[in-house]
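Student: Sequence:
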Amino acid sequence: VVTIEDPIEYAHPNLKSAITQRELGSDTLSFAKALKHVLRQDPDVILVGEMRDPETAAAVLTVAETGHLVLTTGHAPSAAGAMERVVDLFPPHERYLAQTRLASLVIGVLCQALVPRADGSGRIAAVEIMLGSSAVKNLIREGKIYQLHNVIRTSNQDGMETLDQSLVSLYLGGTITGENLVRYCQNKDEIEDMIGKIPSTVA
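Residue numbers for the sequence shown, in full-length UniProt numbering: 1 to 203.
Because the hints were derived from the structure by calculation, they are not lab data. Values in this document were obtained by computation on a predicted structure and should not be read as measured data. Glycine included, each C-beta is placed from N, C-alpha and C at the ideal position. Where hints are given, some of them may not hold.
[As the list claims (entries may be wrong)] Computed spacing ranges between beta-carbons, pair by pair:
#1 S121 <-> A18: 21 to 29 Å
#2 P91 <-> I8: 25 to 33 Å
#3 H37 <-> D193: 48 to 56 Å
#4 S121 <-> P92: 28 to 36 Å
#5 G178 <-> Q112: 19 to 27 Å
#6 R40 <-> D193: 28 to 36 Å
#7 D158 <-> S26: 36 to 44 Å
#8 I195 <-> T66: 43 to 51 Å
#9 L71 <-> P13: 12 to 20 Å
#10 E9 <-> N150: 31 to 39 Å
#11 K144 <-> D44: 31 to 39 Å
#12 V45 <-> G159: 38 to 46 Å
#13 A76 <-> Y10: 16 to 24 Å
#14 M194 <-> V45: 19 to 27 Å
Take these sequences, add in the hints, and give me the full structure.
Tutor: Rendered as structure tokens:
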């Protein structure tokens, strides 16, 4: 496993895997430059701390196209938002090709929101899960990223889940309050479709 991070936040010991961690500034000048040389180490898994620019995004796709498992992180409110953010890193004339490449490579996207627990004992992750199904890949390829939410919402049987569905599960289980359900949800109308009218004390 090779990680490229900015900065390194945790030192991972070699247990069942041999892990090499590289840090921007001290070990490499950029994510993109590190990715140009990482294949020489014959890694099984590559972690890229974040895709922030077109060069890094293009390098990530190129490395993934060689058959390596590539993990990365980014800031986005949803799985669809994450896909849109990656495509938008590319200049307009390259976006169609970026969509095609991304569609062929995506395995899954996980988004999380850390929500305060109802008992005050910290926070719990509400998660949105999007898997690289045929429907998901087709929408990305066709540039219909705005339709991904509906596919996720209706594909629970395939292991997908929207952030709002995750929040509702946590709320119905008593793990989070109604106030935080409303605060962190993406679509209040969808929440009310699932559980009925939210009490006015929290709405």
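Student: Does each hint hold? Answer for all of them.
Tutor: Hint-by-hint comparison with the structure:
1. For the hinted restraint 21 to 29 Å between S121 and A18, the CB-CB distance of approximately 36 Å leaves it violated.
2. The beta-carbon spacing between P91 and I8, approximately 31 Å, falls within the hinted interval of 25 to 33 Å.
3. For H37 and D193, the hinted distance range of 48 to 56 Å is satisfied, since their beta carbons lie about 50 Å from each other.
4. A hinted range of 28 to 36 Å is violated for the C-beta pair S121 and P92, which are about 48 Å apart.
5. Checked against the given bound of 19 to 27 Å, the beta carbons of G178 and Q112, roughly 20 Å apart, stay inside it.
6. The supplied range of 28 to 36 Å is broken by R40 and D193, whose beta-carbon atoms lie about 52 Å from each other.
7. Between D158 and S26 the beta carbons are some 42 Å apart, a value that agrees with the proposed interval 36 to 44 Å.
8. A beta carbon spacing of about 46 Å between I195 and T66 agrees with the range 43 to 51 Å that was offered as a hint.
9. Here the CB-CB span from L71 to P13 is close to 19 Å, well matched to the stated 12 to 20 Å.
10. Our hint of 31 to 39 Å for E9 and N150 holds, since their Cβ atoms are close to 35 Å apart.
11. For the pair K144 and D44, the supplied restraint of 31 to 39 Å holds, since their beta-carbon distance comes to about 33 Å.
12. For V45 paired with G159, a C-beta distance near 21 Å fails the hint of 38 to 46 Å.
13. Judged by the Cβ atoms, the range 16 to 24 Å given for A76 and Y10 holds: they are separated by roughly 22 Å.
14. With their beta carbons about 36 Å apart, M194 and V45 fall outside the hinted range of 19 to 27 Å.
Checked against the numbered hints given earlier, this structure breaks hints 1, 4, 6, 12 and 14; the rest are met.
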